[in-house]
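**Student:** Given the coordinates of chain A, work out where chains B and C should sit on it, guided by the hints.
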Amino acid sequence: MNVGTWEALILVLRRELRLGFRRPDQLLQPLVFFLIVTTLFPLGLSLQLSLLRDVAPGVLWVAALLSSLLSLDSLFKSDADDGTLEQLALCGQGLTVIVIAKTFAHWLVTGAALVLMSPLVGTALGIPGSAFATMMLSLALGTLTLSWLGAIGAGLTVGLRRGNVLLSLIVLPLAMPLLIFGAGATDRAISGTSAAGALYFLAALCVFTCTLAPFAVTAALRITLE
Amino acid sequence: MNTAAVGLEVEDVHVWRGERHVLQGVSLVLRARQLLHISGPNGTGKTTLLRVICGLLRPEQGAVSWQGQSISSVRTEYQAVLAYAAHEPALKGDLTALENLRFAVGLKRRVTNVELCASLERTGAAACADLPARVLSAGQRRRVAMARVLAMNATLWLLDEPFTNLDAAGALLVTGLLQSHVDQGGMALVVAHQDLPGRDVRRLELAE
Amino acid sequence: MWTWFYKLASPPYVYGVAATLTPWFLGLAAISIGYGLIGGLVLAPPDYQQGDAFRIIYVHAPSAWMSLFSYSTMAVAGAIALIWRIKMGHAVAAASAPIGASFTLLALVTGSLWGRPMWGTYWAWDPRLTSELILLFLYVGVMSLRSAFEDPARGDRAAALLAIVGVVNVPIIHYSVQWWNSLHQGATVAKLGKPAMPGSMLWPLLAMLLGFMLFYGAVLCMRLRGEVLNRERQAAWVREVVKS
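Chains as they are written, first to last, in this note's numbering: chain A, 876 to 1101; chain B, 2 to 209; chain C, 317 to 560.
Isolated chain A, as found in the complex (with noise of 0.2 Å):
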C-alpha cells in the first residue's frame, strides 16, 4: 500500500497549510510588513503621486522582496528544530517532493498573498489601474522564483545562528535579475509600451529555477542533516 508522489505532495502541502493558518499571525506578519514598506517610500520621499508612480515599480518591488525574504527564514527552521525535518528526510518519498510541496506552500501563504495585495498597495503608490495585470502577472512569476531562490538559501542556513541575516545576504544578489525585470515590466506597462519581453524573460527564469532548484534545496538539506 505504497503513496505514490501526487499524494505524498498533496499530504505535505496540506501540513504545511494547517500548520501555517494554525498561526495565522505569523501568516499575516510578512504582509502587514509589505504595507509598512510601501509606505516608508512616501514619507521618505515626496507626496506627489506623479512623483511616486515614477518610482512605484521599483518600491513595490523591492517591498515585495524584502517582506518574502522575512519569512523564508522558517521554511525549515521550525520542523529542523523539533526533529521532524529528519523524519520527513526518511519517510520514504525522498526530499525532493517534501521540498516541492513546502516550498509551494510557502509561496501560496507568502507570494501569492502579496500578489493579491498588490493592486492596493499599486493605487497608493499611483500605478494606473491598466497597469495591473502585467504588475500582478511580474509579481506571481517573480515570488514564485523568489521562493525558489530562497528556499535554497533556507536550506543552507537552518541551524545557523543569527541564520536570517545571512540568509538575505545570500539570496538578494541571486534575486536582483527578478528586481530588474519585474520592475522593468511594469513600468514598461506604466508608460505603455509592451512589457512582453520582460514577462518572457520573468517565465524563463521562473521556470528555470523551478526546475532546478528542487534538487539544490535538497542537496542543501542533505549537508544540514548531517
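In short, the hints are calculated from the structure, not lab data. Here the structure is a predicted model, which means the values were calculated and not measured. One or more hints might be untrue.
As the list claims (entries may be wrong) - List of simulated lysine to aspartate or glutamate pairs, EDC-like, C-alpha gap at most 16 Å:
| # | chain 1 | residue 1 | chain 2 | residue 2 |
| --- | --- | --- | --- | --- |
| 1 | C | Lys403 | B | Asp95 |
| 2 | C | Lys403 | B | Glu61 |
| 3 | C | Lys403 | C | Glu548 |
| 4 | C | Lys403 | C | Asp467 |
| 5 | C | Lys559 | C | Glu548 |
| 6 | A | Lys952 | B | Asp95 |
**Tutor:** Showing chains B and C alone in chain A's frame:
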C-alpha cells in the same frame, strides 16, 4: 535472497566530527528476530551510529547495507521498511497527536484514523489523540512517538533512548512492544543507558 | 589516466605540487606583467578618444576577467569536491575565494577611477561595474557561509553548493544588468568599453591578462599550501613538515 539470513550489515564505519574521530571502525550485523542494544558512555557516538544506519549521515569510510545492497542505492525501499525514533520525540506542537501521526505515517503507507488510534491505544496515549502536542507532557510525547513507530509497520526499528521521560509502567510497555516486534520477525536497534530485559538481547558497547 | 586525478586527492601530493609550481608561476607572472605594464603604460600610443585615461584598462580588464575566472574555479573545485568527495577540492575553493574577491575589488576600484574622467563621477551604475559589484556580493556570501558553520566540513559543502548556484546565476545577472542599463541609460553616459585596439595596444593587454592569471596561480598555490596544512593538521606528514 533469504531475508532471514541477510538483514542489516554495518561494515567498518568511520565518522569524524570536525577533529574528533567519533566512530572508529564500527561493524555489526542484524538479522530478523534480533534485538541489538547499543550502549556506552556519553559522547561515544551512539546517536551518530544510528543516524549513519538511517542514511542521514554518510560515513567517511565504511558501508551500510540492507539485504546485501548499499542503503544509498535502495534508499526508497530501505526507508519504507525502517522506523526511526530520535532522541527528540519529533512532534509538531501545533498539530494534535493524531494529526502528527497521520502526516508522518501517511507518507509511508495509506493508513486510516482507526489504525492510528489503535496505535495510540497500544502505547497508552489514546487520551492524547485530539490534544495539540505542545500541551502534552514529555512522557506523553514519548508515547506518541512510540505509537508512530508502531503505526509505520516497519521491519527495522531504530530507537534512540526510547525510555527517556517514561515512568516504570511506560518503560515496561516499550520493552513489551520491542519483544513482540522481535518475536513477530522484526529487528530492532536500541540505544539505551539501562539494560534491556528479554531473551536473546545482544549488546554492542561503544568505547571512548 | 585517472591515476593523476586520484593523486590530486592526496594532501601531501597537492602540497608538494603547489610548492614546486609557485616559483615558476611567480617568475613567469613577473615577466608577463612587466612586459604588459611597460608596453601598455609607456609604449602604447594614447587613445584618440580617451587620451591617456584608457591605460587603466591594463589593470581593470584583467582584474575583471580574473574575478570571473576565479569564481568559476571556485565553483568547479567545489563541484568536484561534492561529487567525488575529494576534500582537496574544498581546499582549492577556500583558497581561491579571497583572491577572487580581491580581484573583484580591484576591478571595481580601477573601474571607478576610470569612470571619473569619463563620466565626471566615481560611480554611475555602468552595467559592467554593477555586475562586478553583484559578483562581489556573491563572493562575500560564499565566504560568510563557509565561516558561519562550526563544523568546517559542513561549511565547505554548503559553500560549494552556493558557489555552484552562484556560477549558474552569473550569466543571468550579467544579461539582466545589461538590459536594465539599456532601459535607463542616458545618451551622454559613455560605457566603459574597450577602445578599438591596434596591435601595440592589444599585445600588452593580453600579456597583462596572462600575467594576472599566472599571478593568481602563484597566490593560489601559496594559499593552498596553508589551507592544506591547516586542514590536515592532525596528520603525521604535517607534523614532519612543521618540524623541519
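**Student:** Each hint: holds or not?
**Tutor:** Hint check:
This hinted pair does not check out: Lys403 of chain C and Asp95 of chain B have alpha carbons roughly 42 Å apart, beyond 16 Å. This hinted pair checks out: Lys403 of chain C and Glu61 of chain B have alpha carbons roughly 11 Å apart, not beyond 16 Å. At most 16 Å may separate the alpha-carbon atoms for a hinted pair to count; Lys403 of chain C and Glu548 of chain C meet this at roughly 10 Å. Restraint check for Lys403 of chain C and Asp467 of chain C: the C-alpha separation of about 14 Å stays at or below 16 Å, so the hint holds.
With a C-alpha separation of about 15 Å, the suggested pair Lys559 of chain C and Glu548 of chain C falls inside the 16 Å cut-off, and the hint holds. With a C-alpha separation of about 15 Å, the suggested pair Lys952 of chain A and Asp95 of chain B falls inside the 16 Å cut-off, and the hint holds.
The structure fails to meet hint 1 from the earlier list, while all remaining hints are met.
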